[in-house]
Amino acid sequence: MSHSHKPGESGADLPHAAPTVEEITDFEVLEIAVRELAIEHGLFTAEDHRRFTEWTESIGPAAGSRLVAKAWTDPAFKARVLDDAVKACKEIGIDWAEPTGFGTPSDYMNLRVLEDTPTLHHVIVCTLCSCYPRPLLGMSPEWYRTTNYRRRLVRWPRQVLAEFGLIIPPEVEVRVEDSNQKCRFMVMPMRPEGTDSWTEEQLAEIVTRDCMIGVALPRPGRTADVHPVHKARHPVQE
Amino acid sequence: MSARRDLLEQQALIGSIQPAVHVPQNWNYEVEAPLFKAYAHPPHDVGGQFDAPILYEEKEEEQWEANVYVTCEVLGWRGVWNSEERRRRADNDLGYALYLGIPYYGRWIMAAARMLVDKNHIALTELIEKIAEVKARNAKK
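Residue numbers (my numbering), protein chains in the order written: chain L, 1 to 238; chain V, 1 to 141.
The set of hints was computed from the structure by calculation and includes no laboratory data. All figures in this text were calculated on a predicted structure; none of them were measured in a lab. Certain hints may be false.
Unchecked claim - Straight-line C-alpha distance at most 30 Å; calculated BS3-like pairs for lysine-lysine: (1) L:Lys70 <-> L:Lys90; (2) V:Lys135 <-> L:Lys231; (3) L:Lys87 <-> L:Lys70; (4) L:Lys90 <-> L:Lys182; (5) L:Lys182 <-> L:Lys70; (6) L:Lys182 <-> L:Lys78; (7) V:Lys37 <-> L:Lys182; (8) L:Lys87 <-> L:Lys182; (9) L:Lys182 <-> V:Lys135.
Stated by the list, open to error - Far from chain V, by Cβ distances over 10 Å, these chain L residues were calculated: (10) Ile24; (11) Ser58; (12) Ala62; (13) Ile92; (14) Asp116; (15) Ile168; (16) Pro170; (17) Arg175.
For glycine and all other residues, C-beta sits at the position ideal for the given N, C-alpha and C.
Could you build all of it, start to finish, from the sequences and the hints given here?
So this is what it looks like as structure tokens:
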């Protein structure tokens, strides 16, 4: 079943009592109300909100791609990543203490990078909510947050991976790591064959977000994660 | 009975009360122990439950969703709430109908609004008036 028709949306078919000029949802109203009240009461400032938004817009999976590509080409760096990933992130310009000085309030500064081998494949989930290594990969994709992925991955990992188009041979062990608020995980996939002469920049292009979650494997020519996209009604303004 | 069988039965029961409106509930006089345990199970602890395959899709972010993420984080940054009370209590401990029924960031902003009222940072009437004002402001455009 597609998520594009959620129960709340079927209301669009019902007749409206009095059409308003500007359609605004209850959640949009509540968001504005809470933000404005918090600022009016001095709980935070508009400048705090702006600064945090700026940081949010600066994060994305490209940082994780750079980390993996560098680890593939530099064994000493790879050892540092596996030893203390938060510390190693600083070498590629990612400081987990941003933007507050103690990290984001919900991302504890603890990251473990899981190294795939020829006999072991990792994939991450957060069964309790949607914990995700935001400073390195940006915001989590919607499907990662669904109860469906969280319910099924821990019990039927090979089946769920197959739905992503990833068939793991029976002789390869699949290990699911359940993220939580005290520890975040990221997958370091194996460097694919046919990339020996590649530069770090070329390598980074094939290390997509899905490869670092563990629902895809990098390979030459695969530079994007392709999923259906549910469009926003009022998307984020650039 | 095996531990695995216990677990499967427990999960079937949890499934049967999601959403709870599908089961008649009239303040039962008695609740059998397994059902008690199912009621006590936190709604957000979903790992291992049954579900059918779905299309895994991306979602383009709404402006309000981006703002909610930042508002909730900044409230944490400025010490208004901490990560534990926010996640396990405010965002998750809502009962199945709310937990499963409303959008991801919808839960976040409802949790923030309730917290501000519960901690007396704002009065409930103030929130209600503000909501009315925001609606009126946007309707006039």
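Each hint tested on the structure:
Restraint check: the Cα-Cα separation between lysine 70 of chain L and lysine 90 of chain L comes to about 13 Å, which is no more than 30 Å; the hinted pair holds. Straight-line distance between C-alpha atoms of lysine 135 of chain V and lysine 231 of chain L comes to about 24 Å, which keeps the hinted pair within the 30 Å bound. For the given pair, lysine 87 of chain L sits about 15 Å from lysine 70 of chain L by alpha-carbon distance, which is consistent with the 30 Å threshold. Pair hint lysine 90 of chain L plus lysine 182 of chain L holds up; C-alpha atoms about 20 Å apart against a cutoff of 30 Å.
Distance restraint check for lysine 182 of chain L and lysine 70 of chain L: the Cα-Cα separation of roughly 26 Å lies within the 30 Å cut-off, and the hinted pair is therefore satisfied. Annotation: proposed proximity of lysine 182 of chain L to lysine 78 of chain L holds, straight-line Cα distance about 23 Å (limit 30 Å). For the given pair, lysine 37 of chain V sits about 27 Å from lysine 182 of chain L by alpha-carbon distance, which is consistent with the 30 Å threshold. Distance hint between lysine 87 of chain L and lysine 182 of chain L is fulfilled; the C-alpha atoms sit about 16 Å from each other, no more than 30 Å.
For the hint linking lysine 182 of chain L to lysine 135 of chain V, the alpha-carbon distance of about 39 Å lies beyond 30 Å, and the restraint is violated. With a cut of 10 Å on Cβ distances, isoleucine 24 of chain L falls inside the contact zone with chain V, its closest approach being about 5 Å. Non-interface status of serine 58 of chain L relative to chain V is upheld: no Cβ of that chain comes within 10 Å, the nearest being about 13 Å off. For alanine 62 of chain L, the shortest C-beta to C-beta distance to chain V comes to about 17 Å, beyond the 10 Å cut-off, and the non-interface label holds.
With a least CB separation of 23 Å from chain V, isoleucine 92 of chain L remains clear of the 10 Å interface cut-off, as annotated. With 10 Å as the threshold on Cβ separation, the claim that aspartate 116 of chain L sits away from chain V holds: the shortest Cβ distance comes to roughly 21 Å. Separation of isoleucine 168 of chain L from chain V is adequate, the least Cβ-Cβ distance of about 17 Å exceeding the 10 Å criterion. At the 10 Å boundary, the C-beta of proline 170 of chain L stays outside the reach of chain V, the nearest C-beta of that chain being 21 Å off.
Even its closest Cβ contact with chain V, about 15 Å, leaves arginine 175 of chain L beyond 10 Å, as expected for a residue assigned away from the interface.
Checked against the numbered hints given earlier, this structure breaks hints 9 and 10; the rest are met.
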